[in-house]
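K.L.:
Chain by chain, the residues run as shown.
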Amino acid sequence: MNQIRNFCIIAHIDHGKSTIADGLLEFTKTVSAREAKEQLLDNMDLERERGITIKSHAIKMKYLHEDKKEYILNLIDTPGHVDFSYEVSRSLAACEGALLVVDAAQGVEAQTISNLYLAIDAGLEIIPVINKIDLPSAMVDTVKSQIVDLIGCDEDDIILASAKTRAGIETILKTVVEKVPPPVGDPNAPLQALIFDSIFDAYRGAIAFIRVKNGTLRERDVIKFFATDKEFQADEIGVLGLTRVRTKELGTGDVGYLIPNAKDVHDLKVGDTITHIKGGAEKPLPGYKEIKPMVFSGLYPTNSEDYEDLRDALDKLKMNDAALLFVPETSAALGFGFRCGFLGMLHMEIIQERLEREYDQSIVTTLPNVEYYVYKKETGEKIIVDNPAEMPVIGDVEFVEEPYIKAQIVTPSEYVGNVMQLSMEKRGVYKNTTYIDPTRADLEFEFPLSEIIFDFYDKLKSTSRGYASFDYEYIGYRESDLVKLDIMLNGEPVDALSVIVHRSKSYDYGRKVCTKLKELIPRHMFEIAIQASIGNKVISRTNIKAMRKNVLAKCYGGDITRKRKLLEKQKEGKRRMKQVGNVEIPQEAFLAVLQLEE
Amino acid sequence: MKESACYIHIPFCDHKCIYCDFYSIITTDNVNSYLNALFKEIDYYSEKYSSTHSFNTIYFGGGTPSFMEPDYIAKIIAYIKQKFTVSDYAEISLETNPGTVDRTKLKNFFEAGINRISIGIQSFDPDELKFLTRIHDKETAITTVESAYSAGLENISVDLIFNLPNQSKEKWQTNLETAVSLPIKHISAYSLILEQGTILNKMVLDGKVKMQSEDYDADLYEFTIDFLCKHEFRQYEVSNFAKDGYQCVHNNAYWRYKDYLSLGTSAHSFMNGERWWNYSSLKMFIAAVENQNNGRVNGERINRLEMIEEYTMLALRSYGLDTLEFIKLFGNDWLEKNSEYINRLIEDGFFIRKNNFIKFTPRGYAVCDEILLNFT
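Listed in order, the protein sequences are those of chains A and B.
Heads up, the first sequence is in our numbering, so the first residue is 1 and it goes up one at a time.
Heads up, the second sequence is in our numbering, so the first residue is 1 and it goes up one at a time.
Since the hints were derived computationally from the structure, they do not count as laboratory data.
Glycine residues also receive a C-beta, built at the ideal position from the N, C-alpha and C atoms.
One should not assume that every hint holds.
What the hints assert, rightly or not - Here's a subset of chain A near chain B, in silico, CB distances under 7 angstroms, partners left out:
#1 Val31
#2 Gly466
#3 Lys549
#4 Leu567
#5 Lys569
Unchecked claim - Partner residues are not named here, just some residues of chain A that face chain B (Cβ under 10 angstroms, in silico):
#6 Ile72
#7 Pro392
#8 Ala529
#9 Lys545
#10 Val551
#11 Leu552
#12 Gly557
#13 Gly558
#14 Thr561
#15 Arg564
#16 Glu568
#17 Gln570
#18 Lys571
#19 Lys574
Chain A on its own, in the form it takes in the complex (with noise of 0.2 angstroms):
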């Protein structure tokens, strides 16, 4: 137990978390470089593209210390992105020591601080790195200082390190090794493992990704999970190296996986506490939450005899995203469909991507949105509105809540002003202001969640040139003067398209969704009137003129089947679009409220 060291590595995203594992695993043989695709730890290939880490895994290294003892290092990879910083936590639970990773170029951001409360939160020994510090960029004093202002550190504990160059990588190693705690525990006491992650495999069914904190957990073992209170057997246990190695048991300290006759991932619930039915442990450990999603959406299929096809998809996603709740619905407009709940709009877009690139699947979505607490007159019944079609009639509403988010964002204080600005715009409540730096601030907000959901990290983006971080942790319900927002087409309202806004932006919402949705639907043969309402009140409207002309001017004899493949292909898109009564509207309508700048 003593040459065990479990770490992971903390870092805002781009900070080179990926690359300096792999720089990690090639200087320990765990892999080759040419085995060592580029980001090695990210699996899927979205994960690749968006150049994040979704889903957290672990990989085991082996270490030969200048002191002649070969140490076993377990990597814990993190989920990157603030939709799962519950998943970050239990990682870190995982863990005695993180690798808190900055970027040369960069700084201190928002994510890296965010990060840190969370690994000091969980007690674990911080090695600060500095890394890129090849780039011609690289401003390696600056962010020296930032990181001992941050952490309280002496200078020269700070690593510098190139995952490109592979400077620092064997400091990091031996680091690990000396300043990390190796794991405590009673290898003789009860079994508590802890569930840091969980996958689905498509041959082996559910695997848990676990630590055990004390005892020892055997193939063949007869265990229970404390959340689900259900009963499995442990059939096959072992460590992780770049594929699963069967070691057929796991001792106290020792991260590995294992795989329970469990038929879905919903059995192994992150953050969950495994023991032996005979003489096990008493309690759990600490830090289990139900994972609680807060983001909303409807999932429709494009043509509705798909419905069960996209059902089907949700329930295989569901095997392997213990996240992800759906319930059906029926939208007026488009059919029956399904009511998704999400950890935010990341996890949300990477279900939507996965369903079209995995399963095939062609869906509409509607405009995301949080969940409310509608309180009633005279009753003072709650009801929680996950969708704005249910939202009660305005006069039977005595008032509303909505989720709050406490929001950190670190900018260069040039930009103050320009983040002041939008926060205010995004009904932010300014708290607090710090300085990392002389250059750079560390603003606290609170913000409405549903405020920030959309575009609020693109707006940041660009308000500040791209410098600005932003990480936040929710904190609860608060009343606000909310209505909902109808919009009708040729005074058919189309339910899919209802939002719940702010009172004091409905006006400017109604005329920027109208505007854009005559952009979005195209000419019919009649014209189309667009009314945006709140209740009976028109507060927008517009309209869409007519067709005129829609006529290819040749056809002759070569022309003739291209105009009919032409004519075939014109219908398939048309059977793409949603009818809400004579009008027919393209998919991407149903979300272009999302894209709505002037």
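Fit chain B to the known structure of chain A by using the hints.
P.N.:
Using the frame of chain A, we list chain B on its own:
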């Protein structure tokens, strides 16, 4: 014998116009081997079809057929007549570009058997001609029409293009006025189409040229129909207008779903319900004819539904849908299925019903594709 149409593609041009997406080449190499290949194709198909099909129209399209020597065209006509039954009254058309012919050459074409010419004038306006990269000017265009007429070619058609970038309604009207003042019988008036792969398309994508709005295009189109009608050119297809008795027999063959045999590069044939097409590349065409005695690269058999789709499209784009003939050919389920839609289009003024015909109104022609899309 089935009365059908014969199309001959002449791929040679002296340059490529910016809006053109037809197969054409800018060299006269291979002119003789092309002629031999055409003869071989005629041989091949005459064995298959000369006992069942006769021609009442031969059409030389391009490319620029008038770029060829009259003798070249004469040989082809003579060979077709030798191998197939060609009606004594057959319409024999030649696409002609101003600037490639003079009176003598036109006279020779006439003597070779050409009795109708279609002149690619496109515009009489110097700026527009320059924009379209045509080689002729207004005077050449007018002279070409007059020379053809005096050479004995009294069945003359001209092509014009409207909705050009920056084209004012006045300029278009002037073009039309000039055209109708000439001794012509037929006008094809095309709205400028952006075809993929054309130079024009690239210019638009690069933002160098801006196309006009849909509403403007519709205005010009409706104006065109109205103007030409007043000058006794009756619309008989989306883009085609003719004086009484001068509708193009060849085009009508396409639109009335008659059989047509097409020879040469990129030519599309439709015989006995089968459609096929030839290699586009001159070299590959010639090689194919060497190997298999015809230039065919691919084909398709059209199923009933596709046939209905094509038949209705072609009929509605031109002379209207003859419901009696339609029922005879395809039964009446399609008409029943769409009867509600058809009635609504009549109510809304896009169709008119005349006896057993359903026809577009001018407003209907303008949105023809949209209307076709909504048939089920």
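K.L.:
Are the hints correct? Go through all of them and say.
P.N.:
Hints and how they fare:
1. The restraint placing Val31(A) at the interface with chain B is violated, with a minimum CB-CB distance near 45 angstroms, outside the 7 angstroms limit.
2. Among the interface hints, the one on Gly466(A) is violated; its C-beta lies about 27 angstroms from the nearest C-beta in chain B, farther than the 7 angstroms criterion.
3. A hinted interface residue such as Lys549(A) counts as satisfied when its beta carbon comes closer than 7 angstroms to some beta carbon of chain B; here the least separation is about 4 angstroms, so the hint holds.
4. Interface hint at Leu567(A): satisfied, since its Cβ lies 6 angstroms from the closest Cβ of chain B, which is below the 7 angstroms cut-off.
5. Taking 7 angstroms as the C-beta contact cut-off toward chain B, the hint placing Lys569(A) at the interface is violated, the least distance being around 10 angstroms.
6. Checking Ile72(A) against chain B: minimum C-beta separation of about 59 angstroms lies over 10 angstroms; hint violated.
7. The beta carbon of Pro392(A) comes no nearer than 38 angstroms to any beta carbon in chain B, farther than 10 angstroms, and the hint placing it at the interface is violated.
8. The restraint placing Ala529(A) at the interface with chain B is violated, with a minimum CB-CB distance near 18 angstroms, outside the 10 angstroms limit.
9. Using the Cβ-Cβ criterion of 10 angstroms, the hint placing Lys545(A) at the interface with chain B is satisfied: the shortest such distance is roughly 8 angstroms.
10. For Val551(A), the interface hint holds, since its Cβ comes within 10 angstroms of a Cβ in chain B; the closest pair sits about 4 angstroms apart.
11. Nearest Cβ of chain B to the Cβ of Leu552(A): about 6 angstroms, under the 10 angstroms cut. The hint holds.
12. Because the closest C-beta pair between Gly557(A) and chain B is about 5 angstroms apart, less than 10 angstroms, the hint holds.
13. At a threshold of 10 angstroms, the smallest CB-CB gap from Gly558(A) to chain B is about 4 angstroms, leaving the interface hint in force.
14. Restraint check, Thr561(A) versus chain B: the minimum CB separation of about 6 angstroms is within 10 angstroms; hint holds.
15. With its C-beta approaching chain B no nearer than about 5 angstroms, Arg564(A) sits inside the 10 angstroms limit, and its interface hint holds.
16. Interface hint at Glu568(A): satisfied, since its Cβ lies 8 angstroms from the closest Cβ of chain B, which is below the 10 angstroms cut-off.
17. A cut of 10 angstroms between beta carbons decides the hint on Gln570(A): the least distance to chain B is about 5 angstroms, and the hint holds.
18. Look at Lys571(A): its Cβ gets to within about 6 angstroms of chain B, closer than 10 angstroms, so that hint holds up.
19. Residue-level restraint check for Lys574(A) holds (minimum Cβ-Cβ distance to chain B is 6 angstroms; threshold 10 angstroms).
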